[in-house]
Amino acid sequence: MLFERLELENFASYGGNHTIDLESTPEKPVIIFLGGTGHGKTTIFDAINWSLYGGEYEQDLWKRRQRKIEDYVNQKALREAFDKGESVEMCCTLYFEHDDNHYYISQSLCVIPKKNSKGDLVATQTDRLTSLYKVSRGGDHVHLEYSTIFLDEILPSNVKDYFLFDGDRISQFSSPGSSQQVRDAIYRVVDLELIKNGCEHLNQVAADFRSAAKKKSTGELSTIDDDYNKARDKLTDLKRKFNDFKEEDHAIRDQIDILEEKLGGLPDSSKLQARRIELDKQIKNTETQIEDKKIDIRKYSALSVLALARNPMLALVSDLDSKRQKGQLPRNISKSLLNDLLTMKKCLCGTEFEEGDEIFNYLNKRLEEESKRSSGQEFIELFFQLRATNDTIGGSISRLKELFKEYNQLSDFFHELSIAIKQVDGELEKLPQEDISIITNDLRNRRNELITTNKNMTLTGVEIEKCEKDIKEKENKRAELGKQQEEFIRFQRREYLAQQAADQLENIYGIFAEDSRKSIEELTRKEFKSFVQTASAYTVALDENYELQVLDPNGNRALQRLSMGQSQCLSLSFITAISRVSEKNPPLVIDMPFGRLDREVHDAVSKRLPELASQLILFLIPEIEWNDITAKNLRPKSSHIYKLKFDKDDQLTEIQNSA
Amino acid sequence: MPDRPLTKTQKRLLRLFKDIEDEDIQNIIIDVVSLESSNRSSHSFPIRKVRDVIDGVARKQEAEGEMRG
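Chains as they are written, first to last, in our numbering: chain A, 371 to 1029; chain B, -3 to 65.
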């Protein structure tokens, strides 16, 4: 399919008639629309969709943007018609080529302008028409009946979303918890949906025939048939149960992904908590040290107070010292020494003596003399004590100075720690602690649910196997007994055929789904590497649960580590992959493909985009998306470049060909 | 709509269908998938047509059975 031309009449900001040439060549498959926000880019996107899908797209519009198709009627045309008392026609026609045939499809709406209770002009639909024409080789326009079947062959409505991308939808495939969207895309684009529906319909028909056969059965056959039907119903229930568990499993995995992303997005409080604990430890330690210093200070302060008596004490020491030097004080013979000698009974020269000996008597006599001269001895002792006290006072004073210095240092440190702890507390207060604990709890619960679901799936799988074996046995017995009853056999044959076809198709579905998954995974991986060279260390995986994942070199999930641009590249890679695998090859229409991309990947993506589809229609914002890099790569590949100029006064868009 | 060449995906599917040993079942599957394809957008699927496909194959088998006596 290739778009050839789009004609607009009074469609939104495109008042009057406009014709946009969309013809492209294989060498120049790109058509570009440049326009700022609100200039009418999305309107063209809507016009293409409305032309093709009519009423179905109107439902989409209402769901997505709460807009009715009547709201699209150009306001200027509506005002003029109101003044003249006329009706307005709004129309979009898309000309396209498909399989060497040319068609055009047209949606038109006739409205009459009316004023509502607020006095605003509103459009009321009076008539609408959808027409589809085929242009024959001779140039005749052959009217075809419009039906969705026609588009099913080209671009089915439920697949169009994967080729016609508006705004933010493009990155949805790579966001965490999007496995449902990824699964749906593969399911629809690769035709898995058809096979699945085929299985369901065949099962339904088999059940109808089974029920008809049962009505015809009599006697023992009727009993066996009852059992057989019950076993079949049980199997259907078990399979449904198994699929429900599977769906539940996917849903839980999606929820886990979303919760993990939320948790990853919250600031990490563990480092702050660790710092808080460390500071707390330091502050307690410092407090203890300060208390110790205070005790020491008190002790040395008490001694240092003696400094008040230091000067008279020093005068006394000096006086005593001069007397001692002049010999006015007795020599320093220690009374205690004499006592010790008498106790040990040994003279200083080493001679041993006994009580009553000459030496004993001499030393005893000296001791008595020393005792008589005690006042002299006291003076000497006082002298030395005074000197020692003086030294102690001096030492205490200098120690006290050191202690004060240390105390001040500790106090300063304590103050610093207090400030730091307040800062950490402040930062911790800012963190959504409750959110973190709620999310962590949620995450734990989801993981437990996942374990339960997996267990249920395994148990149900075992039950299914048992049930299938049971059915086989009953089936044989039923066939044996049924041979006697003709009517029964007629329905039984049909039921058997339908059931066999359903079972075989289900097997094919499994094989085909796995094949498609692997092909899409491989292509997505290849495309992603070509888009983002900087992420070459990452590997793309599309796991069995259809979750698009990025793995780092250690095999860890790294989707959350991708930048927004890289994430969009992953989505683009996936879209390319499904398009290639499906080989549907319709035009790819993308609104703002570079919107979220980093400038560094503009080059790789804009080089690759023109190769993705047979025709590529891009809506770009000038400067931001249409820059030196993208222009250099896309201009040579473009058949048309249109600039959309919006007149704010008239609320009208003008299309300028900028090629 | 003119016949289009089969895509790789369709060829792969067809190969899987052809692998089915029972030719009757194979034909039923091909017909049903084709029905699904041409009715993919319709809001009410014509289930009766699936019944007709099954009925057609069953009649053929019954006729063959009668001929064999």
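Please keep in mind that the hints were generated in silico from the structure rather than gathered at the bench.
Hints may be right or wrong, so weigh each one.
Under the rule of at most 20 Å between Cα atoms (straight-line distance), these lysine-lysine pairs were calculated in the PhoX-like manner [as the list claims (entries may be wrong)]:
no., chain 1, residue 1, chain 2, residue 2
1, A, K600, A, K836
2, A, K600, A, K844
3, A, K398, A, K1013
4, A, K398, A, K609
5, A, K604, A, K839
6, A, K853, A, K604
7, B, K4, A, K888
8, A, K566, A, K600
9, B, K56, A, K888
10, A, K632, A, K651
11, B, K14, A, K566
12, B, K7, A, K566
13, A, K585, A, K847
14, A, K853, B, K56
15, B, K45, A, K566
Hint-by-hint comparison with the structure:
For the given pair, K600(A) sits about 14 Å from K836(A) by alpha-carbon distance, which is consistent with the 20 Å threshold. Of the pairs offered as hints, the one joining K600(A) and K844(A) holds, with about 11 Å between alpha carbons and a cut-off of 20 Å not exceeded. Restraint check for K398(A) and K1013(A): satisfied, since their Cα atoms lie roughly 18 Å apart, inside the 20 Å limit. About 51 Å separates the Cα atoms of K398(A) and K609(A), which puts this hinted pair outside 20 Å; it is violated.
At most 20 Å may separate the alpha-carbon atoms for a hinted pair to count; K604(A) and K839(A) meet this at roughly 12 Å. A distance of roughly 25 Å separates the Cα atoms of K853(A) and K604(A); the hinted pair therefore is violated under the 20 Å criterion. Straight-line distance between C-alpha atoms of K4(B) and K888(A) comes to about 14 Å, which keeps the hinted pair within the 20 Å bound. About 24 Å separates the Cα atoms of K566(A) and K600(A), which puts this hinted pair outside 20 Å; it is violated.
For the hint linking K56(B) to K888(A), the alpha-carbon distance of about 40 Å lies beyond 20 Å, and the restraint is violated. At roughly 32 Å between alpha-carbon atoms, K632(A) and K651(A) are farther apart than 20 Å, so this suggested pair is violated. For the hint linking K14(B) to K566(A), the alpha-carbon distance of about 18 Å falls within 20 Å, and the restraint holds. For the suggested pair K7(B) and K566(A), the alpha carbons sit about 18 Å apart, so the restraint of at most 20 Å is met.
Between K585(A) and K847(A) the CA atoms are separated by roughly 18 Å; this keeps the pair inside 20 Å, and the hint holds. For the hint linking K853(A) to K56(B), the alpha-carbon distance of about 18 Å falls within 20 Å, and the restraint holds. Between K45(B) and K566(A), the direct Cα distance comes to roughly 17 Å. Compliance with the 20 Å bound is thereby established for this hinted pair.
Of the numbered hints stated above, those contradicted by the structure are hints 4, 6, 8, 9, 10, listed in ascending order.
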